[in-house]
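**Q** Based on the provided sequences and hints, a complete structural model is requested.
Residue numbers (this note's numbering), protein chains in the order written: chain A, 35 to 601; chain B, 12 to 118.
Since the hints were derived computationally from the structure, they do not count as laboratory data. Heads up, some of the hints might be wrong.
To be verified - Where chain A lies over chain B, by a calculated footprint (3+ residues, C-beta under 8 Å):
hint, segment
1, 25 to 36
2, 46 to 59
3, 73 to 87
4, 90 to 100
As the list claims (entries may be wrong) - Straight-line alpha carbon distances no greater than 25 Å define the calculated SDA-like cross-link-like pairs of lysine to any residue that follow:
hint, chain 1, residue 1, chain 2, residue 2
5, A, K293, A, T416
6, A, K215, B, E56
7, A, K215, B, G57
8, A, K215, A, R272
9, A, K215, B, A13
10, A, K215, B, N21
11, A, K293, A, R235
12, A, K215, B, I17
13, A, K215, B, A19
14, A, K293, A, G414
15, A, K215, B, R15
16, A, K215, B, P26
17, A, K215, B, D22
18, A, K215, B, L27
19, A, K215, B, S20
20, A, K215, B, P23
21, A, K215, B, R18
22, A, K215, B, Q25
Everything numeric in this text was worked out from a predicted model, so none of it was measured. Every residue, glycine too, gets a C-beta built ideally from N, C-alpha and C.
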Amino acid sequence: MTDARHVLVVGAGPAGLAAAESALAAGARVTLLDSSDELGGQYWRHLPVARPAAHEERLHHGWQGFVRRRSVLAQHPHCTIVTEAQVWALETGDAAAASPVTVHVLIGPPDGTDREPQTYRPDALVLATGAHDRTLPFPGWQLPGVYSAGAAQALAKGERVSIGDRVVIAGAGPFLLPVAKSLTQTGARVVGVFEASTPARLLRGWSSKPLELLGARGKAPELVEYALGHLRHRIPYRTGWAVVEAHGTDRVESVTIQKVDASWAPIPGTRRRIAADAVAVSHGFTPRLELAIAAGCDITSDRFVRVDDLGRTSVPGVFAAGEITSIGGADAALAEGSVAGHVAAGGDPADVSLRADRRRRRTFTAFAARLERAHGIRAGWTGWLRDDTIACRCEEVSCGTIRSTVRRTAQTGVRSVKLTTRAGLGICQARICGRTVEELIRTAEHDAAPATPSASANGSVSRTVSTTASAKRPTVTPDASLSAPGDSGTDPVRPPVSTDRRPIVSPVRLGELAGLAASARPSLGAADLGVSTDDRDAAVVSASPDLLDPPDLPDLPDARPARSAED
Amino acid sequence: MAARMIRASNDPVQPLSADRIGLTLDGTPHEGVRGQTIAGVLLAEGVLSWRRTSVGDSPRGVFCGIGVCFDCIVEVNGVRDIRACQRRAQDGDVVRTQHDELPEVTS
Chain A
35 MTDARHVLVV GAGPAGLAAA ESALAAGARV TLLDSSDELG GQYWRHLPVA
85 RPAAHEERLH HGWQGFVRRR SVLAQHPHCT IVTEAQVWAL ETGDAAAASP
135 VTVHVLIGPP DGTDREPQTY RPDALVLATG AHDRTLPFPG WQLPGVYSAG
185 AAQALAKGER VSIGDRVVIA GAGPFLLPVA KSLTQTGARV VGVFEASTPA
235 RLLRGWSSKP LELLGARGKA PELVEYALGH LRHRIPYRTG WAVVEAHGTD
285 RVESVTIQKV DASWAPIPGT RRRIAADAVA VSHGFTPRLE LAIAAGCDIT
335 SDRFVRVDDL GRTSVPGVFA AGEITSIGGA DAALAEGSVA GHVAAGGDPA
385 DVSLRADRRR RRTFTAFAAR LERAHGIRAG WTGWLRDDTI ACRCEEVSCG
435 TIRSTVRRTA QTGVRSVKLT TRAGLGICQA RICGRTVEEL IRTAEHDAAP
485 ATPSASANGS VSRTVSTTAS AKRPTVTPDA SLSAPGDSGT DPVRPPVSTD
535 RRPIVSPVRL GELAGLAASA RPSLGAADLG VSTDDRDAAV VSASPDLLDP
585 PDLPDLPDAR PARSAED
Chain B
12 MAARMIRASN DPVQPLSADR IGLTLDGTPH EGVRGQTIAG VLLAEGVLSW
62 RRTSVGDSPR GVFCGIGVCF DCIVEVNGVR DIRACQRRAQ DGDVVRTQHD
112 ELPEVTS
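**A** In structure tokens:
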């Protein structure tokens with residue numbers, strides 16, 4: 035049994051769970067990591083073991099399937115589930131090793147000081163790290179009481195906390211609907227759901243090929259149910275509106291909504307103020323790409339992990355599934371995970387058992403494309419920004435500072451503007467503001483371009499060349515991101531520079547790093563990962579509440595998380 | 012009103028009994044149940060912020076709710092920079108508002 039392939043799965047949401055199950059079924063040994071102490075990811079976020087409920091299933095779609103899968107994995111003799119496991123670095127390049135990657139993990143309570151280090155060198159890696167909400171900035175979005183839509187839902191499902199009594203939901207995409215449903219189930223009054231996309235665009239995006247949508251089984255009834263939920267609770271659902279400002283001193287007290295045109299540019303004279311004690315805003319999703327980028331995987335021009343229809347990335351032995359490959363929802367993630375896990379385990383891609391999942395996979399790929407057409411972020415949104423609007427929440431850098439820095443220094447490289455302004459250099463490692471900062475730099479550069487005809491022509495030529503170049507090769511690789519020409523600000527062909535790259539994948543305390551170096555514990559390689567029950571138990575950090583007791587916390591007032599290595 | 016816990020009698024999931032726990036925020040006691048995160052305990056008590064920013068000295072609490080934005084970091088039992096939305100509260104936790112002063116520039 036020791037010669038079974040060892041498959042490491044990172045992320046225990048729908049994609050990771052499905053990958054783990056199908057890899058086991060194909061005969062592999064599986065280690066499943068998740069940073070939370072509960073499985074299920076954001077989709078099946080639920081009350082923890084310590085807070086049982088009689089009817090958890092009432093808040094979820096596919097809950098029975100999740101419970102079944104969780105128990106299959108927990109009882110499988112060749113499956114090791116490690117919760118509270120934070121991957122903080124991923125390395126490649128050890129030619130001597132049979133493993134494609136080395137994955138460094140710290141195991142223990144989040145942001146603790148005494149977590150257990152662990153290193154994995156699997157035969158195959160399945161990345162199922164998911165995505166987080168992308169919220170575009172607007173004046174006042176840093177006020178307490180303004181949340182990402184994902185936060186509103188996570189607090190409702192995972193804490194049974196309602197973010198407020200009068201809640202405004204805004205942004206773009208069908209995922210605002212389940213958020214509205216979760217909130218009404220907390221007893222909150224949802225004052226309105228404001229979708230930025232205009233009715234015409236929604237119609238074009240969703241109705242052009244209705245049969246395609248029918249093919250996304252499970253998705254259509256889910257959306258119909260949400261629509262009915264809106265009627266039942268009489269939640270106004272408005273399209274072509276955006277939240278453009280949050281008001282309050284120490285917390286949000288009201289918001290201003292405004293009509294937007296097809297490009298999401300606010301239409302003058304349409305501002306309206308609404309009283310609200312909480313706001314949940316999301317304009318889409320940002321895939322969590324840092325591990326895939328660290329592994330050297332090709333990233334597509336729309337910034338997802340490039341995979342083939344078997345979930346294989348450009349790096350042999352590294353697979354990806356779920357929202358890091360495209361935003362398609364939980365059913366897509368399940369199908370992608372099943373296929374990727376099977377192939378990662380060395381299973382035959384032509385296997386009959388894979389046919390249904392491969393078909394579903396294709397259907398949902400079409401779904402993701404429609405989603406982007408109907409709800410994708412449009413450039414006009416920057417029209418609701420003011421110069422004093424915070425862009426980078428960590429370092430409190432305003433949009434005006436970023437724009438004026440671009441103009442004054444004639445620097446348009448992402449890294450140089452980051453270094454000058456500190457935008458994107460804070461503790462979240464640009465996860466929240468990175469793409470926004472990139473966009474502000476791009477638009478400031480455009481606005482600042484001299485108005486002479488020849489300069490404009492040059493500008494447009496350089497952009498065309500850049501687009502062509504990016505179509506022909508991976509948009510983001512560590513090398514492209516590191517290369518200097520992109521930051522020169524004068525090179526006519528700019529390789530795209532991305533804020534998605536994070537050499538230190540997650541903030542780690544300097545004290546913990548020092549401890550790692552000092553203890554130099556033996557690494558746990560694939561061959562060392564025994565499958566006898568004893569070894570397995572030793573490696574497992576289960577969801578048992580006993581293991582949640584805090585470690586003895588040494589007094590380390592100076593122990594701060596390391597910041598991004600680019601810092 | 013603002014954030015609050017769903018009343019158990021109205022909660023469709025029908026929560027079963029859970030242990031009561033207590034923590035303090037800057038010395039003020041707050042009650043919750045085992046299994047809540049520190050953010051969960053505080054929000055359920057109507058507390059929205061537990062950090063002040065370095066530059067603007069503005070209040071911050073939960074923003075992303077899933078451990079990505081680090082806006083909710085707080086000092087727990089003497090250890091700083093702990094994401095309140097990720098760390099489960101333990102009975103007796105001593106939580107302190109975090110405020111990081113910017114280093115003085117002397118010339």
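**Q** All hints are to be evaluated individually against the structure, with a verdict given for each.
**A** Hints, one by one, checked against the model:
1. 25 to 36: Holds, because 5 residues of the segment 25 to 36 of chain B bring their Cβ atoms closer than 8 Å to Cβ atoms of chain A.
2. 46 to 59: As far as the segment 46 to 59 of chain B goes, the hint holds, because 8 residues have Cβ atoms under 8 Å from chain A.
3. 73 to 87: holds (count 11)
4. 90 to 100: holds (count 9)
5. A:K293 - A:T416: 14 Å, holds
6. A:K215 - B:E56: The hint holds at about 23 Å.
7. A:K215 - B:G57: Holds, at roughly 22 Å.
8. A:K215 - A:R272: 16 Å, holds
9. A:K215 - B:A13: Between K215 (chain A) and A13 (chain B) the Cα gap is close to 18 Å, so the pair holds against 25 Å.
10. A:K215 - B:N21: Cα-Cα ~15 Å, so holds.
11. A:K293 - A:R235: 15 Å, holds
12. A:K215 - B:I17: 14 Å, holds
13. A:K215 - B:A19: 18 Å, holds
14. A:K293 - A:G414: OK: K293 (chain A) and G414 (chain A) at ~12 Å, within 25 Å.
15. A:K215 - B:R15: Distance ~17 Å between K215 (chain A) and R15 (chain B) Cα, so the pair holds.
16. A:K215 - B:P26: With Cα atoms ~19 Å apart, K215 (chain A) and P26 (chain B) stay inside 25 Å; holds.
17. A:K215 - B:D22: 14 Å, holds
18. A:K215 - B:L27: 23 Å, holds
19. A:K215 - B:S20: Holds - the C-alpha atoms of S20 (chain B) and K215 (chain A) are around 19 Å apart, at most 25 Å.
20. A:K215 - B:P23: Cα-Cα ~13 Å, so holds.
21. A:K215 - B:R18: 17 Å, holds
22. A:K215 - B:Q25: 17 Å, holds
Checked against the numbered hints above, the structure violates none of them.
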